[in-house]
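Protein chains in written order, with my numbering: chain C, 72 to 373; chain P, 72 to 373.
Worth flagging that the hints you see were computed from the coordinates, not collected in a lab.
A few of these clues could be false.
Since the list can't tell identical chains apart, any single copy or any two copies may satisfy a pair.
Straight line, CA to CA, 25 Å or less: simulated DSS-like cross-link-like pairs of lysine-lysine [said to hold, decoys possible]:
| no. | residue 1 | residue 2 |
| --- | --- | --- |
| 1 | Lys314 | Lys166 |
| 2 | Lys174 | Lys314 |
| 3 | Lys211 | Lys174 |
| 4 | Lys211 | Lys117 |
| 5 | Lys174 | Lys163 |
| 6 | Lys361 | Lys247 |
| 7 | Lys369 | Lys117 |
| 8 | Lys314 | Lys247 |
| 9 | Lys294 | Lys361 |
| 10 | Lys370 | Lys224 |
| 11 | Lys117 | Lys224 |
| 12 | Lys247 | Lys202 |
| 13 | Lys263 | Lys329 |
2 protein chains.
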Amino acid sequence: MMKLHILGCYSATPRTISQTTAQVLELNNEMFLIDCGEGTQVQLRKHKIKFGRINHIFISHLHGDHFYGLIGLISTFMLLNRPNDLHIYGPKGIKEIILLQLKHSNSYTGYGLYFHELSSKESELIYENEKVTVRTIPLKHRVYTNGFLFEEKPGRRKLNIEACEKWGIETCYFNKIKDGGDITMENGELLKNEVLSFDPDPVQSYAFCSDTLYDEQIVPIIKDVTVLYHESTFLEKDIERCKPTMHSTAKQAATIAKTAEVGHLILGHYSTRYGDLALFEQEANEVFEKVYLAEDGKKFKF
Amino acid sequence: MMKLHILGCYSATPRTISQTTAQVLELNNEMFLIDCGEGTQVQLRKHKIKFGRINHIFISHLHGDHFYGLIGLISTFMLLNRPNDLHIYGPKGIKEIILLQLKHSNSYTGYGLYFHELSSKESELIYENEKVTVRTIPLKHRVYTNGFLFEEKPGRRKLNIEACEKWGIETCYFNKIKDGGDITMENGELLKNEVLSFDPDPVQSYAFCSDTLYDEQIVPIIKDVTVLYHESTFLEKDIERCKPTMHSTAKQAATIAKTAEVGHLILGHYSTRYGDLALFEQEANEVFEKVYLAEDGKKFKF
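Can you build the whole structure from these sequences, using the hints too?
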């Protein structure tokens, strides 16, 4: 089960009625925070997210609406005597910004605070545990920006218990079968693995792409993901704003979703100039069917 | 008329139900922002304060609950194409913190952004216009900290129109009278100024003192102010917490108010450990009568 909790999904500046970018992805019992606009710590509290469980924070780029809440969250973790290490992944410069502020407040975190600064223009593996990998998705924006691809690793094959009993396979061979191995019977007969096991559950994956100009170069990286979050700052009627600001329209987001054959598309990072978000969904639906609108506080389960 | 708008008055960390320190003082048509905890820009919007009118921001110290909202406000002023210059007064280091973040976001303010970094341990004049002065109040805290004393300059004397008519004073002498001058009549008789004019309106003043250990050394600086805002992070029952954290109790705040013979005392910067703020008022009232509780969103007029 993959859960996505949108804490904020508007561009530019926090307002009383809307928050800037931050979202929590739960995947295989890990809780990942993606971007951290001003006020994210309050959003985490408001939505009763156990944010002590967040050990990895991914920052797409150093525009304020994506990271001004990070220093506050780091400080609050300090006040709460957080025990776990905290890992920050973000553009080169993020470490200096955070440490400078901690230095001037004469504060030092009691927990381990580790920065993983990014500067590659190629997609790279930046995090891996037993069950999940995280890779960067290089994006085209006014400053150095990465999206992030979260992918479950394929699980082990599942035992076909009925078949194993039928062939009298002893339990000591079960791990070998789960790992894909064939079994040679005492009579010399070879039982192929697919007779004794089922395919593992399909893996789930999530691609976060914000902020970015329309860029087909990301398609091979995000191909076939379960869920794509792609920024749609503007509607097509304002497409002339995309180039100078290096943002995308809802239609462009949908075109990327269609080309990459993703399972679902979530739109977000709306300009605050628009009142009616339904227009974003309508516009994207002309190109791609499975479209959802991000909204502050909304939870998705896939 | 002096107006004080409390945007946030709790210590440590912003929560869904409470904000960290920020307040707007209106004095003689100037709007001063004092401290700027995370989320201050949203508080300004929520309380419908015309924050484009803020040209001077005073930061007491570089703990997050007093300045993490500053970079966001500066950035939002940028997005709003603010025309006026903005002046920031705060501890040495504040300029580097802000400019480093603007540099990494590849952003430059269209308006003039001026930093007035403070490092003196003595009270000093840091701002002055025709009608108001602002001086620092050196405080004792874990990092370099200043309170701020906002004072109206004495106005000109007021004409006693009846007396002027009685003595047949011509209007060309009115400015001289307002400036305190005596008038010599054609017959050689001297009319003393106090016969022809009244005292100017009494001046108003506001002293902001947060965060600080109990410190009687500030008394001569804040003597007789109209309103004193003094931090009261703790109640007396927790006084042992004051020394290591370098904060004050409500009783200590009241003792400073009494010793300095101020007009009114406002308490604030409460620790979030307390549920019932009335206990702060009760405790202070045992020492000093005119006590008010700061509350997020509360407006005072003096």
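So, going through the hints one by one against the coordinates:
When the C-alpha separation of lysine 314 and lysine 166 is checked against a cutoff of 25 Å, the pair qualifies neither within a copy, at 30 Å, nor between copies, at 32 Å. Taking identical chains as interchangeable, the C-alpha atoms of lysine 174 and lysine 314 lie at most 25 Å apart only when they sit on different chains, with a minimum of 22 Å there against 39 Å within one chain. Taking identical chains as interchangeable, the C-alpha atoms of lysine 211 and lysine 174 lie at most 25 Å apart only when they sit on different chains, with a minimum of 19 Å there against 33 Å within one chain. Proximity of lysine 211 to lysine 117 under the C-alpha cut-off of 25 Å is found in neither arrangement, the shortest distances being 33 Å within a copy and 34 Å between copies.
Taking CA atoms no more than 25 Å apart as the test, lysine 174 paired with lysine 163 passes in both settings, with 19 Å inside one copy and 12 Å between copies. Proximity of lysine 361 to lysine 247 under the C-alpha cut-off of 25 Å is found in neither arrangement, the shortest distances being 39 Å within a copy and 80 Å between copies. In this homomeric assembly, lysine 369 and lysine 117 come within 25 Å of each other (Cα to Cα) both inside a single copy, at 12 Å, and across copies, at 22 Å. Taking the closest pair of Cα atoms, lysine 314 and lysine 247 never come within 25 Å of each other, the shortest separation being 55 Å inside a single copy and 64 Å across copies.
For a Cα distance limit of 25 Å, the shortest separation of lysine 294 from lysine 361 inside one copy, 16 Å, qualifies, whereas the shortest one across copies, 68 Å, does not. For a Cα distance limit of 25 Å, the shortest separation of lysine 370 from lysine 224 inside one copy, 23 Å, qualifies, whereas the shortest one across copies, 56 Å, does not. Within a single copy, lysine 117 and lysine 224 get their C-alpha atoms no closer than 32 Å, and across copies no closer than 45 Å, so neither meets the 25 Å cut-off. Only within a single protomer do lysine 247 and lysine 202 lie at most 25 Å apart by alpha-carbon distance; the minimum there is 19 Å, versus 85 Å between protomers.
Proximity of lysine 263 and lysine 329 under a CA criterion of 25 Å is satisfied in neither setting, with 38 Å inside one chain copy and 90 Å between copies.
Hint compliance for this structure: hints 1, 4, 6, 8, 11, 13 are broken, all remaining hints hold.
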